[in-house]
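A.B. asks: Residue numbers (our numbering): 1 to 390.
A hint or two may mislead.
EDC-like cross-link-like pairs, simulated, lysine to aspartate or glutamate; straight-line CA separation at most 20 Å [what the hints assert, rightly or not]:
#, residue 1, residue 2
1, K262, E225
2, K219, D317
3, K363, D307
4, K68, E143
5, K363, E305
6, K147, E192
Please keep in mind that the hints were generated in silico from the structure rather than gathered at the bench.
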Amino acid sequence: MRKHKSQTNPLNFNDTDSHIRFSRTATSDQIRQLYPHKPKANETVAVAVSGGVDSMVTTLLLKEYVHKVLALHMILRPEDSPEPGEHIVQLADRLNVPLHVVDLRRPFRQQVIRPFLEAYRRGKTPNPCVICNPSIKFTLLQEEAVKLGATTLATGHYVRLLRDESDGSLRLFRGRDRRKDQSYFLYRLGQEQLARTFFPLGNYLKSEVRKLATDAGMKEHYRPESQEICFISDKDYRAFLEEHLGSDLPGPGPVVDLKGQKLGEHEGIHRYTIGQRRGLGIPSSAPYYVIGLEPDTNTIRVGRESDLRRREMLVTDVNWIATSPPTSELQVLVQIRSRHRESPALLKPTAGGTLVSFLEPQKAITPGQSAVFYSEDEVLGGGFIEQVLS
1 MRKHKSQTNP
11 LNFNDTDSHI
21 RFSRTATSDQ
31 IRQLYPHKPK
41 ANETVAVAVS
51 GGVDSMVTTL
61 LLKEYVHKVL
71 ALHMILRPED
81 SPEPGEHIVQ
91 LADRLNVPLH
101 VVDLRRPFRQ
111 QVIRPFLEAY
121 RRGKTPNPCV
131 ICNPSIKFTL
141 LQEEAVKLGA
151 TTLATGHYVR
161 LLRDESDGSL
171 RLFRGRDRRK
181 DQSYFLYRLG
191 QEQLARTFFP
201 LGNYLKSEVR
211 KLATDAGMKE
221 HYRPESQEIC
231 FISDKDYRAF
241 LEEHLGSDLP
251 GPGPVVDLKG
261 QKLGEHEGIH
271 RYTIGQRRGL
281 GIPSSAPYYV
291 IGLEPDTNTI
301 RVGRESDLRR
311 REMLVTDVNW
321 IATSPPTSEL
331 QVLVQIRSRH
341 RESPALLKPT
351 AGGTLVSFLE
361 PQKAITPGQS
371 AVFYSEDEVL
381 GGGFIEQVLS
């Protein structure tokens, strides 16, 4: 970890002050409601900064309420330089906060990229953000924040964190902006991690956050959002897999229907995912969809769109945020993809994991993705989809 010295006057701004003066947009009561601990006058908070509008506005808000704010910028991709980009340096200088660069390339490769590659090799479709958040950002980056004297790590996630006064536990909720809600990606966090975390944007809409940036004169100084996997720069995950796995990837194999009849050949299981329609190369009057990937036999099983709808799945490696695992059946709402609308389901603990039975069949349940359990807007926990049963 290195502290980066701010440059002087790196950008030409119209205002007379060399640093931002930010008008207060939330009350102290709102901050205390969101924050699990009341802010203290001498408190130091670290902000995970990426160069985007969310972490930038998070920093601006915190500068109004805490004594000292630090900016932490992670270096994650193996091909990246250990030095921060000019944009990050200029942004930190403009925000008037000390910038600390944290090189996490080695643990990121070991704990995020390698499991990502292995999951695809086994015919699953992983979500690396679900792994990165608890293992990298809210563990290793939090540890670096503590070393710098910070009591809390703040991020720009659109989620809310509230304390249950009855037992003192911290409860994670969806953000006010349902379109930008990121609670799906944080279900693996634990009480110890949440106790050192602050989510200032939980009660804001994305449009309000952009307006705050504009009002602060920062509209032109943050990077656009990216919806892609952060460590695959060219957006071609198939090429990334082939580059890193090479001969470990199975080659072409059979494409069969639900009765086992061979319909064609695929180009490698890693090139397909559940629900995929394009690229199958099967002539038919009605489209086929990928129904299942069978790595043991290097087979892709296809069917019609109606065959994609399933009712039961097995979920493993379940994390419960604030409660003990249920010992009997429990009805919850379950979200099976980041863009999926949650649906009512019944959870049943079994020796092999948690059996999830939806009240209505769900389309394209995908092994490797996460199933996140909700009670209304509260995130109860979740786990990994291991197997689609029926």
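A.B. asks: Decide, hint by hint, whether the structure agrees.
C.D. replies: Hint check:
| no. | hint | result |
| --- | --- | --- |
| 1 | K262 with E225 | 43 Å, violated |
| 2 | K219 with D317 | 42 Å, violated |
| 3 | K363 with D307 | 9 Å, holds |
| 4 | K68 with E143 | 18 Å, holds |
| 5 | K363 with E305 | 9 Å, holds |
| 6 | K147 with E192 | 16 Å, holds |
When held up to the earlier numbered hints, the structure conflicts with 1 and 2 and fits the remainder.
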